[in-house]
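Line by line, the protein sequences give chains R and D.
No gaps in the numbering here: position 57 of the first sequence is 124 in this note's numbering, and each next residue is one more.
No gaps in the numbering here: position 14 of the second sequence is 5 in this note's numbering, and each next residue is one more.
Please note: incorrect hints may appear among the correct ones.
Said to hold, decoys possible - The list that follows gives simulated cross-link-like pairs (lysine-lysine, DSS-like), each with its CA atoms no further than 27 Å apart:
1. Lys146(R) <-> Lys112(R)
2. Lys15(D) <-> Lys109(R)
3. Lys59(D) <-> Lys69(D)
4. Lys15(D) <-> Lys112(R)
5. Lys69(D) <-> Lys146(R)
6. Lys59(D) <-> Lys146(R)
7. Lys69(D) <-> Lys109(R)
8. Lys109(R) <-> Lys59(D)
Simulated from the structure, these hints should not be mistaken for lab results.
Spelled out, the chains give:
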Amino acid sequence: RKEVEQDPGPFNVPEGATVAFNCTYSNSASQSFFWYRQDCRKEPKLLMSVYSSGNEDGRFTAQLNRASQYISLLIRDSKLSDSATYLCVAVYGQNFVFGPGTRLSVLP
Amino acid sequence: DAGVIQSPRHEVTEMGQEVTLRCKPISGHDYLFWYRQTMMRGLELLIYFNNNVPIDDSGMPEDRFSAKMPNASFSTLKIQPSEPRDSAVYFCASSLGGTGNSPLHFGNGTRLTVT
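One chain only, chain R, in its complex shape:
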């Protein structure tokens, strides 16, 4: 079983739609979590940290459920520019473990 799992997608959604991604992690000692965005043939870039109480950054909302060991990302009012692969990360110590990513395509 992989340490961090995600639905690979692709998720194809129309502009303006709300889309949610889930991610599960197996190491219960993981202490911090992030969402990264990766465009085709580019490096991963930090989208947002994930806090225990949940956090929001504009159209993006991240949630953490430690009891069930999953992280979620909600994107509201999706834009064409949101098309990318979204990677969740669970951190244990300094070991950043990346999920395989979920591909999102926002269609006009």
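Please build the complex by placing chain D on the supplied structure of chain R, with the hints as guidance.
Chain D alone, transformed into the frame defined by chain R:
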């Protein structure tokens, strides 16, 4: 601010040749990571350093791979001899460590093709 800088951006080499990838972390960051990304395996951690000292190299595939960090502003990943299965994108990342709450900042990557 300068981000993580990697070179070269692309490397095409023949099987058996030595390949050296280079990385300059963000100034002041005390952790440096080398990752490899392929379609099949995603992003895999190869090795990471703290204050120039290798901490965990359990992800290094085999003895053909070696990494060094001679000072706080430079690291290399060397593959000798290279094989076609080493073809991948190699990313270097750095962070201001401590609690693991500081995110990774990635370089642009080196796209390696071994023929």
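How the hints compare with the structure:
Pair hint Lys146(R) plus Lys112(R) holds up; C-alpha atoms about 18 Å apart against a cutoff of 27 Å. At most 27 Å may separate the alpha-carbon atoms for a hinted pair to count; Lys15(D) and Lys109(R) meet this at roughly 18 Å. Proposed proximity of Lys59(D) and Lys69(D) is supported: the alpha carbons are some 9 Å apart, at most 27 Å. Between the alpha carbons of Lys15(D) and Lys112(R) the distance comes to roughly 17 Å, so the proposed pair stays at or under 27 Å and holds.
Taking the CA atoms of Lys69(D) and Lys146(R), the gap is about 41 Å. The hint is violated against a cut of 27 Å. Only pairs whose Cα atoms come within 27 Å are accepted, and Lys59(D) paired with Lys146(R) is rejected, the gap being roughly 42 Å. With a CA separation close to 22 Å, the supplied pair Lys69(D) and Lys109(R) stays within the 27 Å bound. Simply put, Lys109(R) and Lys59(D) have alpha-carbon atoms about 25 Å apart, close enough for the 27 Å limit, and the pair holds.
Hint compliance for this structure: hints 5, 6 are broken, all remaining hints hold.
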